[in-house]
Every structure is written in C-alpha cells, then in structure tokens.
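**Q** Here is how the chains run, residue by residue.
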Amino acid sequence: MTILGILIPVSLFLGGIGLAAFFWSLKNRQYEDPQGDASRILTKDWDDRPKP
Amino acid sequence: MTALPRLETTPSACPACAVVPSAQRLAAMSVAAGGRIMLSLPGVHCAACISTVEGGLASLPGVRSARVNLTLRRVSVDAEPAVLTETLILALNLLGYEAHELDAGLLSATETDRQGRDLLMRLGVAGFSMMNVMLLSVAVWSGAEDATRDMFHWISAAIAIPTVIFAGQPFFRSAWTALKAGRLGMDVPISLAIILASSISLYETTKGGHHAYFDAAVMLTFFLLAGRYLDHRTRAVARSAAEELAALEVPRAIVLRDGTEQVLPVSGVSVGDLVLVRPGGRMPVDGIVTEGSSEVDRSLLTGESLPVYAGPGTVISAGEVNLTGLLTLRVSAAGKDSSLHRMADLVAVAESAKTRYTSLADRAARLYSPGVHLLSFGAFAAWMWITGGDIRFAINISAAVLIITCPCALGLAVPAVVTAASGKLFRKGLLIKHGTALERLAEVDTVVFDKTGTLTLGMPEPTNLQDHPVEVRAVAVALARASSHPLAMALAAAGGGAAGVSGIVEVPGYGIEGQWRGRRVRLGRAGWTGAEPLDVTATYLSLGAASHAFTFADRLRPGAEAAVQALAAQGKKVLLISGDAEGAVRDLAQRLGITGWTAGALPAEKAAAVAQLSAQGHRVLMVGDGLNDTAALAAAHVSISPASALDAARVASDIVLLGQDMAPIGDATRIAAQATRRIKENFAISILYNVVAVPVALVGLATPLAAALAMSLSSITVSLNALRLK
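Here the protein sequences line up with chains A and B, keeping their order. If you're matching positions, the first sequence starts at 1 in the working numbering and goes up one per residue. If you're matching positions, the second sequence starts at 1 in the working numbering and goes up one per residue.
Worth flagging that the hints you see were computed from the coordinates, not collected in a lab. Check each hint, because a few of them may be wrong.
Unchecked claim - Short derived list, chain A residues pointing at chain B, Cβ under 8 Å:
no. : residue
1   : Phe13
2   : Ile17
3   : Trp24
4   : Asp47
5   : Arg49
6   : Pro50
What the hints assert, rightly or not - Pairs of lysine-lysine, DSBU-like flavour, derived with a Cα cap of 30 Å:
no. : chain 1 : residue 1 : chain 2 : residue 2
7   : A       : Lys44     : A       : Lys27
8   : B       : Lys680    : A       : Lys27
9   : B       : Lys207    : B       : Lys428
10  : B       : Lys433    : B       : Lys207
11  : B       : Lys428    : A       : Lys44
12  : B       : Lys680    : B       : Lys573
13  : B       : Lys680    : A       : Lys44
14  : B       : Lys726    : B       : Lys572
15  : B       : Lys424    : A       : Lys27
16  : B       : Lys572    : B       : Lys424
17  : A       : Lys27     : A       : Lys51
18  : B       : Lys680    : B       : Lys726
Said to hold, decoys possible - DEER-style ranges, computed between Cβ atoms:
no. : chain 1 : residue 1 : chain 2 : residue 2 : range
19  : A       : Lys51     : B       : Ala569    : 45 to 51 Å
20  : A       : Phe23     : B       : Arg591    : 37 to 43 Å
21  : B       : Leu264    : A       : Ala38     : 39 to 45 Å
Ideal Cβ placement from N, Cα and C applies to all residues, glycine included.
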C-alpha cells in the first residue's frame, strides 16, 4: 500500500497541470470563437509561408 | 495604457530616446481604439468564408486587420479612422455577404464576457476535482476499509471542500438573495444540499464513518454549473448581438438661422425654426412645408408603399424620407413632442399591458422547491422518531434525500434544450433575444404579418413593362434615368435601352419632363401627366395625347412565400395587416395566398387588432418592421422583426431575423414547438428518476454510490435528449 503514497500525489500533480493549462487557455481567450478555430485549421492560406 | 509605466522602469542608455517611441506607441494605441469597427455577418458559415471575408477586407486601403468570429457571426475590423463603415459593408456585399453595423462601444462592455469566463473557470475547477474525488470514491466503493478508507476520505475532503466553497459561489449568492427577498428559488435547495452533503461528510470522516458524499457534492456543483454556463452563453450571445444592432443614423438637422445653414443635433432644434431637408434625407422633426416641393416616403411610419406629394402647406412627420426635391420645413414639434416619440409612448403602454409570462422552468421550480424541503425535513423528523433521537443517522438520511432529489436534471433540462434550439435557429439566421421567446413561439396559433418592409422589401419592381411598345418603354427609361426617385430607378434598371430624349428636367414633386422628336414628354404623377390614376403603385408617361401607365409591385422578400406556406401547413392562421393602400395589399395577399387581410390600418388599429385576437384566446406572432408596427409587436404574444427594421421595432420584438431570407420563420415555429416538447420530456425523465430514487433514500438505503449513479444517469439522459432536436 506504500505505493499509494507516491501514486496519489503524482496523480494529483498531473491533474493540477491539466487545471493550470485550462486556466492558461481561459486567460488567453481561447474559448471566444470555438467554431471559428475549428474551421480556421482547415484553411490553406498560410500553408506555404507563415502569416506575416 | 500599460505601455507607459513599463517604459519608464526600463533602464535605458538614453532616457530621451524612450520618450519618443512611447509617444508614438500611445498615438498608435489611441488610433487603434478609435478605429475598431464591428460588423454583424449573418451569412458566414464555413472555413472558406473566413478566408474570403478576412482577405477581402484586408485588401481594402486603410484596413489594418480583420478577424472573423464564426461563433458570434461577426467581424471586427481594425482600420484607420478615415475608413467608413459604409465602404466595408459595400465591399462585403460585393463578396456576397450581408453586413450590418454593430456599435463597438457597447460591445466592448465586457461585463457579460467576464461573467462567462468566471463561470467557465468555476466549471473547470469543479470538473477537475470531480474527476479526482470520483477516482478516490471508486476505491472506497470497491471495498477499501479502515485506515485506507479514512485516508481516501480525508484526501477527498481536502479536494472537495475548497472546490465547493469556490465553485458553489454562484448558487450560494443567488440563494442568499432569494432568501433575503423571502422566496424559495431553485438555488436554495441546491445550496442546502451542497452545504449539508459536504459538512455531514466531513463529520463522518472525522468519526471514521462508512459513507461520505464528497463526490456527490462536487458532482452536483459540476452539473449545475454546466447548466448555468449554457444558460449564460445563450443569453450572452443573444444580448450582445441584438442590443447592439446599431441605429445607423445620428439624428441631426440642418437649421436655417440668420440666413446661414447650421447642422445641429435634433435636441437643439426649437419650435418655429426653419429646417432644410435634402433629397434622400430623413425628416428630423415634425413640421409644415414652407418652401419647395417633393415626394415623401411614409412607409416606415404608415406602411404606405406609394410616395406622397409634398408642397407648401403639407404636414410632415419625423421619420418620413424626402425623395426628390429640397424642402424647407417650419418646425411644429421636435424631440420629445414629435410623432416619433408619441409612437414610443404607445409602445410603453402596450408593453405594460402585456401579461407576464412565467417560463416552464419557473413553473417547475415553484412546485419543486417547497416539495424538496418538506420531503427532506419530513425524513429527518421521521427517522428521529423511529431511531429515538439518533441525530447523526437522521441528518444522513435527510442529506441523502436532498442530494437525490436535487435538480441536476432540472437545472440542465431547460438550458440544454434552449441552447440546442437557439444554436440551431442562429445558424438559420434567427436571433432569440428573450429567454422565454422560444416557449412563447411554440404556443403561437395566429401569425400577423406587416406588408411593406416585412413581406416585401420596400423596393418596387415594374410589373407591366412588356405590355408597352418598345418605343414607349425607351422614352420612359430615358426620362427615368434622370431621377433618383425609387420608381424611376426601378424603371431605369429594368427597362432596357433608352431613347434620345433631350432637355430633360426634373420637376420635384411631380416628375420628369423632356423633348422627344419635337414633342414634350412627361413621366410622373397621374395629375401632372394627364392620366387616369390607378389604385396600384404606378407612374405615368404622357406621349403627346396618349398616356401610358407603368405599374409596380413591391418586390417580395426572399422566402416570404415559403414562410407563409410553412406556417399555413402547420395549421396556423395567417393574417396580413398593413397601413398601405387597398390595391397593393390585395395583390400581395393574393400572390401569397393569404385570405385574411386588412388595408389602411393605423398604428393604433394594428395594436388593437392584435390585442383583440389575444382577447379571443389566440396566441399571436407579430412579424413587422416599421414604426407603425412597434405597438403591435409589443402587444403580441411573441414578435419577430427583420434586421433592416427601425431600431424601435427591433427593441420591441423578441426575435430578430438577421438575414434577408424569411423562410426560417417557418422553421422557427417548428423548432420552438419541438424544443418545448423536449423540455417537458426532460422534466418527465427527472421526475421518473426521483420517483424511483426518493423512496430508496427515504428508507435509508441510499449509499453514496446510488446517489452518484442516479445523478449522473439522469443528467446524461437529459442532455442527450436535448441534443435530439432536429
């Protein structure tokens, strides 16, 4: 059972990373236009060179 | 704004150098703030549209960047201050997209935006801790014992209690306001359940008990927050787009004072002033014509599609459009006293008379809330008596009852359906402005249409061109090309080749005159050209002794026929009430197959007709756009107006039609009826779950596992049922 002493903190830490990533995405306003972002990935405008 | 302090603290070799870029940057920032233009684009729907719109706008001179938001169907353009919104709208029209201006100042009011992100953050926290607590709970359910169970309970408590305190705040706050006002809303039992579940679990954990409801408390918070977030998003989308469909015109007037022309805001005009109105301009005030002659378009006020002659002595109301000649008015009423504002008063009266509609969710909550409390306290009292005063056991039972009956499904049932339905309608170009509009729309059995600007576009189309000889047509076209009168422009656009007519002059208010093969030819009003007036919209051409009548019909709005047919097919009574002349209304009614029509109705008569229908027990849907419809829109059970409508009409209506096409109205009533049915089904599902689970909880057999199962199953069935909407 001593393995729990390692596994539980590890799983909580990994979950915490996920939560931090969620906060970061929220702060970066990534939920403003979910439909648009889903479509934008399909455009071919900047396939050859990066957007200036 | 943040640029300045940062520059000051940056160590720099040359302090003076830093000042220059900072000033430049500040200047650039102030321009950027002033040059942001928001446009509503009801037609964008795909990845290719994004590229077309953004590329097309960016290629215009003066546009720095453009970004499409596909979810909200709008584009935000960063442009030099010199760029006019009209230019952008025209460019978008050429690309094939309808565009309307939005007021960027109002849109940047980020209060709703902030609230939405706040809710989303709480939802994320609740989701995170629900997953972790659930994993620990699974271990407990599968048989962890003694020290291991206690440790798992303690870890769960460490995750769940802070989460509940943080994520449950929206419920606690609204429950507190409800209690202070002496009401039992939906949020009081929710908060009670969350708090009771957490505290009883904490107590059990300290005593090393078997059952802890941490997972239930967190899950409850998560599911209810999900419902709350959906609800918030639907309302935020509707509110931001509907309220800010900006009025395009700023009311200004050209006032003649001491022989000079001054442009003043309407509030600065006083009775007795002389006001100049140019052709194409809208009348800013009520008044009497003192000089000049012209024709005025009254369609927005009265629904008349035929322009009316105006000369010295004619009484003019604010809101009419001057068509052909320069007019000077002596102001008889301005601002608050003008007829435009009297109409607004009419709306206020109609709205206060409108019966307050209670939504299905409110009606359900009214029954549900007291019931849950009674049940829980009843269980507590009964078990106190049975066990002879075992408080710990009795509280456990009453907490279990509260958790099981808690309206997870109820809190999700309505928002999930409303979100699905309004998303579907938004994709079809309908914007639901009001929360209960969908439910009200589902009850409609009578539909009242306005004519001008609603079923028709207010753009005339010649109807009998082919009846005239080619020569006559050519002369008419030649004359029509010289005028900006709507009938003349329609004739010039549709008529084909022009004859060689010389010496063309426009006589404002009457028509156009010229010389053709040595004869005088005239195109214009019946009296002026010596023709017999017809009772439909027409202009008359006099060629020597003979006269020819060119008749016009208003162009139908695309989808108008489809909408009327769809509504009739659904068994709804369709009526046409217009302020226009009898002939035009009769023609349109026949074209669309509407049997019940009224012509020449005044604004108050329209509202009265709607009120009378309501009094007979009908649920009326009013579709209208003009100022004359505003009172009727407010008086109807539910109302729709097109985006091209006057802003007063849009404000008074519950649903705004974003595109030109009217066909979605037929779909809207169908989807609304379906959505209401789904809401009721969802209520039935939640009640069914409660009927099964509550007796189990009451007899004290509800384990945390049973509570978790009941809660998640009912929430998931309800959400899936909402998604079945077609």
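**Q** If you check the beta carbons of Leu264 (chain B) and Ala38 (chain A), does the distance land in 39 to 45 Å?
**A** violated (50 Å)
**Q** Does the closest beta carbon of chain B sit nearer than 8 Å to the beta carbon of Ile17 (chain A)?
**A** Violated - the Cβ of Ile17 (chain A) stays beyond 8 Å from chain B, reaching only about 11 Å at its closest.
**Q** Has the given pair, Lys424 (chain B) with Lys27 (chain A), been kept, meaning a C-alpha gap of at most 30 Å?
**A** Holds, because 29 Å separates the two Cα atoms, which is no more than 30 Å.
**Q** Between Lys680 (chain B) and Lys44 (chain A), does the CA-CA distance stay at or below 30 Å?
**A** The hint is violated at about 45 Å.
**Q** Quickly compare the C-alpha distance for Lys428 (chain B) and Lys44 (chain A) to 30 Å and report which way the hint goes.
**A** holds (27 Å)
**Q** Taking the beta carbons of Lys51 (chain A) and Ala569 (chain B), is their distance inside 45 to 51 Å?
**A** 49 Å Cβ-Cβ, so the 45 to 51 Å window holds.
**Q** For a C-alpha distance cap of 30 Å, please report whether Lys27 (chain A) and Lys51 (chain A) respect it.
**A** Holds, at roughly 23 Å.
**Q** Range hint 37 to 43 Å: satisfied by the CB atoms of Phe23 (chain A) and Arg591 (chain B)?
**A** Once the Cβ atoms are compared, 59 Å apart, the range 37 to 43 Å for Arg591 (chain B) and Phe23 (chain A) is violated.
**Q** Need the status of pair Lys680 (chain B), Lys726 (chain B): alpha-carbon distance at most 30 Å?
**A** holds (16 Å)
**Q** Does Arg49 (chain A) hold up as a contact with chain B if the rule is Cβ-Cβ below 8 Å?
**A** violated (15 Å)
**Q** Going by Cβ atoms only, is Trp24 (chain A) closer than 8 Å to chain B?
**A** Hint violated; Trp24 (chain A) Cβ to chain B Cβ min 11 Å, cut 8 Å.
**Q** Does Lys726 (chain B) pair with Lys572 (chain B) here, judged by a C-alpha cut-off of 30 Å?
**A** Holds: Lys726 (chain B) and Lys572 (chain B) sit about 21 Å apart, inside 30 Å.
Hint violations for this structure: numbers 1, 2, 3, 4, 5, 6, 8, 9, 10, 13, 20 and 21, all remaining hints satisfied.
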